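Asks: Here are the chains, one letter per residue:
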Amino acid sequence: MAKIIVNQKNIEDIDKAIKICPFGAIEWNEKAREVEISAACKMCMICVNKGPEGAFELEEDEVFIDKNLWKGVSVYVDHDNGVVHPVTYELIGKARELADKINHPVFAVFIGSDIQEQAEELRHYGVDEVFVYDDEAFKDFRIEPYTAAFADFIDKVSPSTVLVGATTLGRSLAPRVAARFKTGLTADCTILDIKENTDLVQIRPAFGGNIMAQICTPKHRPQFATVRYKIMNAPDRSEEPTGEITLCEPPKDLSSKVTVLSSKEKEVEEDIADAEVIVVAGRAIKKEEDLDMVRELAKVLGGKVAVTRPLIEAGWGDPKTQIGLSGRTVRPKLIITCGVSGSVQFKAGMTNSEYIFAINKDPDAAIFQVAHYGIIGDVYDVIPELLAKIKQSEEVTA
Amino acid sequence: MKTLVCIKQVPGNTEVQVDDNGNLIRSGIDAKMNPYDLYAIETALKIREDKGGKISVMTMGPPQAKEVIREAYMMGLDDGFLLTDRRFAGADVLSTSYTLSQGAYKAGDFDIIICGKQTTDGDTAQVGPEMAEYLNIPHVANVKSIVECKEKSIVLEVEMPTTIQTVEVAFPCLITVEKGIYQPRLPSYRLKKKTKYQEITELTLDDFKDKNEKRYGLSGSPTQVEQIFPPEQNTTSERWEGENLGEKLYDELIDLKFIYKNK
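Residue numbers (numbering that gives the first Met the number 0), protein chains in the order written: chain L, 0 to 397; chain Z, 0 to 262.
Derived by calculation from the structure, the hints in this document are not laboratory data. The structure presented is a predicted model; accordingly, all values stated were derived computationally and were not measured. A virtual CB, placed ideally from N, CA and C, is assigned to each residue, including glycine. Errors might be hidden in some of the hints.
Said to hold, decoys possible - Facing chain Z, from chain L, some residues (calculated, C-beta under 8 Å):
{"no.": "1", "residue": "GLN7"}
{"no.": "2", "residue": "LYS8"}
{"no.": "3", "residue": "ASN9"}
{"no.": "4", "residue": "ILE10"}
{"no.": "5", "residue": "ASN28"}
{"no.": "6", "residue": "GLU29"}
{"no.": "7", "residue": "LYS30"}
{"no.": "8", "residue": "SER37"}
{"no.": "9", "residue": "GLU143"}
{"no.": "10", "residue": "LEU168"}
{"no.": "11", "residue": "THR185"}
{"no.": "12", "residue": "SER262"}
{"no.": "13", "residue": "LEU300"}
{"no.": "14", "residue": "PHE356"}
Stated by the list, open to error - Below, in silico cross-link-like pairs of lysine-lysine (BS3-like), each with a Cα-Cα straight-line distance of 27 Å or less:
{"no.": "15", "chain 1": "Z", "residue 1": "LYS45", "chain 2": "L", "residue 2": "LYS388"}
{"no.": "16", "chain 1": "Z", "residue 1": "LYS45", "chain 2": "Z", "residue 2": "LYS191"}
{"no.": "17", "chain 1": "L", "residue 1": "LYS181", "chain 2": "Z", "residue 2": "LYS213"}
{"no.": "18", "chain 1": "Z", "residue 1": "LYS256", "chain 2": "L", "residue 2": "LYS256"}
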């Protein structure tokens, strides 16, 4: 049993030693007159690493696994009714990069119904082997048959690493399979790397993104990680297909206690609070119809339109889409403000956004104080030029 | 109808910083119930209002985690279990799920186990499904609403990537519910007084069927935190002026992956 041992004699200042622990797990036991570690311990190792010399020690027990028997970086092909989620291509790109460092192959595992055409398409993204489980039973996503097929793949192929997109389905399936193999799973990794000994280096935000944790699965295989969409880079599609397709016999028992009764299209939600991309129209928009270019920009970026208070007062927007102290507070990945001056109230509602682009004619506009990219120009020049550029690239490649 | 709700005590806030020496600086050590778990509790209460029965609540943590069970009592839950043992410390997702599954075996036979979507400190959303695997029961994640609770099954609406599915799942099963499935009620003062001395059953490793220490806490955790560090802040502060600003913006948005070049 791995644990932290307290060497009492190496603790000079007890109060100071107790304060090292950010979780309050180091306690003074009045009865035993000893410093103890309580169940609140998160094994963060801070006391071992930062505490008084020799006071806190890690006692570990050894487990051995032959890592050479586990080969390949695998990607689960995330799809909804056969439509492959783009996170899959991004993970294949990452898998290739990791696999090349340790000289492993890249595998994809594709579980679904009537999916062989889509499986063929994956060969254009640099996969060495696509393992396909094609059966009527996989038509709807139900946890038991999907887990059974995934487990069958791992039994057959023994991959070293398994990457799964952190989609609604992936977040349900990956833990189930990881638990079946009693192995580690690290959720929502933002950075992945690999050590020479094939240990996957998994970095993910913790405490609401306030710190980053580097996590490894040193004694178990396969090592599972999930990654959100738009974190990794998708490779370009190659003209010539590579690798091969292997059709796998589905496991015999594909029964499920879950029955899918019906399914309906999701309604589009108008809430800006959860949007990842927001384009904001400000007072520089002169006419209501000019909002169209802002809407178009939001549309091509897959985002939502928001407005500032003057536009709400002019009756040009839904009050639910107002950003600021009297409106919504937002924290998107990308926010582009178009002709917004940047009042204190407005800035308070959006200053935590990850990337802030501000377009304004006035070089002294307050919005530039919080912008990561301050674009000093007229929205009536910049946005149409941007939209034209996007359209042009679409036409070229179409 | 026997329901189990799994809850967790989490830090009162996630304001945490790392100083130059790599130490965690936490402002305050106040703790609260994981907000997502309130929805799980409310869902269980709605099922009980409809079908009757009993709702148990379970958490794993240090002795002070009893506070969240007290809070669950104030919302109307019937009995509580605290899984607490020094040997559970340092548990990652897998060993947490295993510990909870052992606790659930011990606590009774349940028709349905309800978990919140995720926690605010771990943010993994993985414990529910892993626990279901260990209990060998089906699970349904991302449950948006309860359509109907029947004698031997439950009909649910589930958030899928592009659709809302209606599914029926047989008991026993585990579900994880979305934030907003039902508006959680506030703790009641009347119940607070009534349940002030109500017992909370404490379970340790010695109470479990599987007493192998290697499956719990850090020993049972395949993942290990190697180090922690502060996130990179976006400290970009650029000013652009002049011509072709739209094109420049286009290039930057491609670089940052907000625009995808069509393949």
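Asks: Let me make sure I understand: some of the numbered hints might not hold for this structure. Which ones are they, in numerical order?
Replies: The structure conflicts with hints 1, 2, 3, 4, 5, 6, 7, 15, 18, although it agrees with all the remaining ones.
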